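So the sequences go chain by chain: A and B.
Note that this note's numbering numbers the first sequence so that position 70 is 70, with each residue one more than the last.
In this note's numbering, each residue carries its 1-based index in the second sequence increased by 247.
Some hints could be false.
[Stated by the list, open to error] Taking lysine-lysine pairs in the DSS-like style, the calculated list, with each CA pair at most 30 angstroms apart, reads:
#, chain 1, residue 1, chain 2, residue 2
1, B, K386, A, K226
2, A, K16, B, K379
3, B, K337, A, K206
4, B, K568, B, K263
5, B, K263, B, K566
6, B, K263, B, K460
7, A, K53, B, K433
8, B, K528, A, K66
9, A, K2, B, K428
10, A, K20, B, K543
11, A, K226, B, K460
12, B, K428, A, K51
13, A, K222, B, K379
14, B, K473, B, K528
15, B, K433, A, K51
16, B, K379, A, K206
17, A, K51, B, K473
18, B, K359, A, K2
19, B, K473, B, K263
[What the hints assert, rightly or not] Short, incomplete list of chain B residues facing chain A, as computed with Cβ under 8 angstroms:
#, residue
20, T279
21, S346
22, R348
23, T349
24, A360
25, L367
26, A545
FYI, nobody ran anything at the bench for these hints, they're computed from the structure.
Since we're looking at a predicted model, the values are computed, not measured.
By construction, the Cβ of each residue, glycine as well, lies at the ideal position given by its N, Cα and C atoms.
Take a look at the letters that make up each chain.
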Amino acid sequence: MKILVCISQVPDTSTKIVLKNNDTSVNGDGVTYIINPYDEWYALVRAIELKEKGIASDIHLITVGKANVEPVIRKALSLGGDEAIRIDADSNDAYETAGYIAAYAAQVGYDLILCGKESIDYNNGITGTMLAGMLDMDYIGFATDIQVEAGVAVVKREVEGGEETDQCNLPLVISCQKGIAEARIPNMRGIMAARTRPLKVVEPSKIAALTAILSYELPPAKAGIKMISPDDMDQLVDLLHTEARVI
Amino acid sequence: MSVIVLVEHTGGIIKKKNFEAVQYAAQIAKKTATTLTAVVLGNATNAEMEGLGAYGAQKVLHVADTRLNDLHARAYCKALLAAAEKEKSKIIITLHDISGRTVAPRVAVQLKAGIVAGALSIPDLEKGFVIKKAVFSGKAFAYVNILSDVKVIMLMPNAFPAVKAEGKAVVEQLAVSFDEKDFGVKVKSIDKVTGEVSLADAELVVSGGRGMKGPENWGILEDLAKELGAATACSRPVADSHWRPHHEHVGQTGGTVRPNLYIAVGISGAIQHLAGVNGSKTIVVINKDPEAPFFKAANYGIVGDAMEVLPRLTAAVRKFKEQHK
Ligand SMILES: Cc1cc2nc3c(=O)[nH]c(=O)nc-3n(C[C@H](O)[C@H](O)[C@H](O)COP(=O)(O)OP(=O)(O)OC[C@H]3O[C@@H](n4cnc5c(N)ncnc54)[C@H](O)[C@@H]3O)c2cc1C
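Chain B with its partners taken away, still in its complex shape (with noise of 0.2 angstroms):
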């Protein structure tokens, strides 16, 4: 009867978002009086599928294919259907990502189970099964009633708090037998974007729009989002006239991010811009038009040339850092 929760790793590593999910499942699972089992897909050393204990798994189902290194809709589907059915699970968690949004609308299909996509609590059992999530790009959020026997969940990232504490999982292998179709789509090649901080998950984030002026000024601000460790980000007209590649477009026709930290400079707040970054804990606005509606939204304001705010920013950063070391 155990919960199952899907825990990915990217290169090896697993990022701190599977232990979000985790650790969101374990409330769950102990809420519903039973047990957490994570399943991990492809190559992973014990060690770290042991330490997933740390955030309250009981178990880890290993299954091991290296094929499931890479994202496969029907391997993982399949994988993650054999779990459920080995631990008789009746709710099965993913992240609200781009593996968990691939594969587990797929299983919520097979197992006709309702599911969550984005949520942002944790269910409330007293009138069913009632998850929160947001709606209309954040401008409002709705409470889902999942009415199936079976219900799949989609956490979003970064809305839930992993703290680590003691504990190890037990680590048992499981084999399921693929064929050819599972793994139908062939992967020619891999761009990673290296070095960088992936912006969906980023914690912190630095974005410019047009009040930038163009891309030869973008220098000083990739040096406050290096003096951060942020990922940089920009409005849409930004990427429009390729000042800044397609993926750093956030907003309605973009990306959503939900940082703790998003810092707009030079972008004037439009509602398709602010459903992109409305889910950010803090906002601080840099413009140097005053009315900019961009400050209705912000938790903190400068009205500032941002040719100039940036330099002082980064070295105010920089001096923080070297105090705080």
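Same shape as in the complex, but just chain A (with noise of 0.2 angstroms):
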């Protein structure tokens, strides 16, 4: 069984976000990059638990970006993964970059897609249905467990006030939340491995993003806050009902 993990760049999770170019762009300076939590805790990990269990035979890991994004993917291959692919291109919306590793991974045939549920950055959370569209597979969105036995994958995942357990046929593009696996940390012996493991740089196909970003704006500073004193909690009730209004 072959797995794609699909891994994106991120700006750490403490960065202070500061805007640059009349508020059309984002600072870069100074910003460390980070995997995207919810590709590496818990999509690449469970990869890697499936090859573990002998039950994944090689698993591939695909990133979109230029080469800056080479040091994340490098740690990404540390964690585990055979080998990594990065596209060569800088994708301006979720359209575009599910476009090119759609078209690399129809001439690659994978079983199993894994992405997290969400990237930290943009929070659309729609690569992976994306994919699984462009792919013409089916799609288990916001997985918190993953099981698979002689090509049928047994899934847990969260539904409006619950959860549900599918069953499907693979090939399946599933996109990860937490409760799949534990987080791991890079080891020595793994960022040594990850050195000598294929890191391959594919030209992008031929795709346009549908969306553009024109500007960007920060959250207004908050307003203040009010003290009350804890022996006072009828005060409290009260400035929640007649001056938030929230009861």
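Both chains are sitting in their own frames, so use the hints and assemble them into the complex.
This is how it looks when you write it as structure tokens:
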């Protein structure tokens, strides 16, 4: 069984967002980049576990980006994975990203494509579903558990107001979230091994974005906090009712 | 040419967020000088569907196949495409929730439509078709222009008010021919979390952090939640230590909530936690440390011991409810 894991590079979770060029772009100076946590902790680690159990034969990692994303994809390789693919393009939206990945995946043919439930930069959570649509594959979103046996996946997923267990024949695209695997830290052996694993650079297929970000805005500062005495909860309830109007 | 909006129902009940979507879609229909058609899939009563007229839908297309009671990406996509074709729609709207996120991007791919996920505003037509959405987990907003002829929008729940008016929608059946492949994902079992308020949709949330000291103390937090009719949530270390179930974990690596009121108890307010809750309209922080960073993001703050403050707050809410019966 061949697994493709989609990896996105995102600003570190503690990054303070600063805008530039008249608020038309985000200032990348001094920003540290990490593997999107949903891709790493959940999708990638589950793929590695499936390989350790002898269920998966090959794990390929794919990312879309220019050469500057290589440190992040190398880091992903140090956790596990047999080879990495970088589609050499700066993507402008999820449609473009999914299009590049779908074009590559269609050539190779994967049984399982895993991605995180969303990336923490643009918070769209749509690349996986788009991939499934482009590749005419089945799709299960928001998975919290994945088991695979004899070409059949049994997947737990979050649904409105609860959880559902689904069964589906491969091939399949799954977006992963918390619960699916426990986070791992790369060890020295992994880091050394990652250096020798292939990182293929692939020319992008012809596809154009369907959306464009015109500008950004930072949220307004909070209007200032009101402190309330811990002995006067009636005052808090009153303020929540008359001032905040939330109860 | 009408705008279409997907209306979901959970076990036959149409939740408020769907009325928000209908009303949002109705405003866009008005702005683009057309009508609004709602699409309902699976079991639903006529009264409920006609009732969508009160939120601005002129018409409802009902695909009555009961297999659609469960979420199937392919089948939902096919039904929406059939509705879009029938109505010659250029604008298709769903919610940015589990169902919407499973089906809308697939529809967008089929129609080569640009998509905005988590829309927070009515499109601005002056500069194109520009919609505001949160990015970097609420640390910024982006104004996204959809360039394609057909447009797909996923509306963020609890971002747009739903106000009921008068009106009845006309219900029409829509026949869609599904095949085996459209139901390739088989549902084996469903575990509904019954009796509790679902976190993603909750309007009020009471959340606990490591300052609650241990799972044995959650009773007083749940008492408050019950009194308010709120959902419960927690910080990541709390879920990681198995004090609370994983689905309650909110933040950068857990769930995102956008309630009207978020009460944080014994949570320090790390940036990764705030990323999951900064869309809340009002934030109350209860923490014994006056220097806790969460106070900077809060509207109301109480410096005190959670074990003492929580029961007092619960009693105050109870008293308030008695007086406002
Ligand atoms: C990549 C990454 C992703 C992360 N993702 C998330 C995420 O999704 N969600 C998340 O929550 N965290 C996340 N974290 C962790 C985050 O950085 C914090 O460590 C975490 O939120 C702290 O949880 P806490 O506030 O419950 O605990 P602490 O930081 O230990 O804070 C406990 C608070 O309780 C207060 N307190 C103690 N006793 C009492 C009392 N008796 N009464 C009242 N107050 C009391 C203390 O003053 C303190 O402020 C992430 C971290 C990283 C690096």
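Each hint, compared with the structure:
{"no.": "1", "hint": "B:K386 / A:K226", "verdict": "holds, 23 angstroms"}
{"no.": "2", "hint": "A:K16 / B:K379", "verdict": "holds, 20 angstroms"}
{"no.": "3", "hint": "B:K337 / A:K206", "verdict": "holds, 25 angstroms"}
{"no.": "4", "hint": "B:K568 / B:K263", "verdict": "holds, 23 angstroms"}
{"no.": "5", "hint": "B:K263 / B:K566", "verdict": "holds, 28 angstroms"}
{"no.": "6", "hint": "B:K263 / B:K460", "verdict": "violated, 36 angstroms"}
{"no.": "7", "hint": "A:K53 / B:K433", "verdict": "holds, 25 angstroms"}
{"no.": "8", "hint": "B:K528 / A:K66", "verdict": "violated, 39 angstroms"}
{"no.": "9", "hint": "A:K2 / B:K428", "verdict": "holds, 22 angstroms"}
{"no.": "10", "hint": "A:K20 / B:K543", "verdict": "holds, 25 angstroms"}
{"no.": "11", "hint": "A:K226 / B:K460", "verdict": "holds, 26 angstroms"}
{"no.": "12", "hint": "B:K428 / A:K51", "verdict": "holds, 28 angstroms"}
{"no.": "13", "hint": "A:K222 / B:K379", "verdict": "holds, 20 angstroms"}
{"no.": "14", "hint": "B:K473 / B:K528", "verdict": "holds, 20 angstroms"}
{"no.": "15", "hint": "B:K433 / A:K51", "verdict": "holds, 25 angstroms"}
{"no.": "16", "hint": "B:K379 / A:K206", "verdict": "holds, 28 angstroms"}
{"no.": "17", "hint": "A:K51 / B:K473", "verdict": "violated, 44 angstroms"}
{"no.": "18", "hint": "B:K359 / A:K2", "verdict": "holds, 29 angstroms"}
{"no.": "19", "hint": "B:K473 / B:K263", "verdict": "holds, 20 angstroms"}
{"no.": "20", "hint": "T279", "verdict": "violated, 18 angstroms"}
{"no.": "21", "hint": "S346", "verdict": "holds, 7 angstroms"}
{"no.": "22", "hint": "R348", "verdict": "holds, 5 angstroms"}
{"no.": "23", "hint": "T349", "verdict": "holds, 5 angstroms"}
{"no.": "24", "hint": "A360", "verdict": "holds, 7 angstroms"}
{"no.": "25", "hint": "L367", "verdict": "violated, 11 angstroms"}
{"no.": "26", "hint": "A545", "verdict": "holds, 5 angstroms"}
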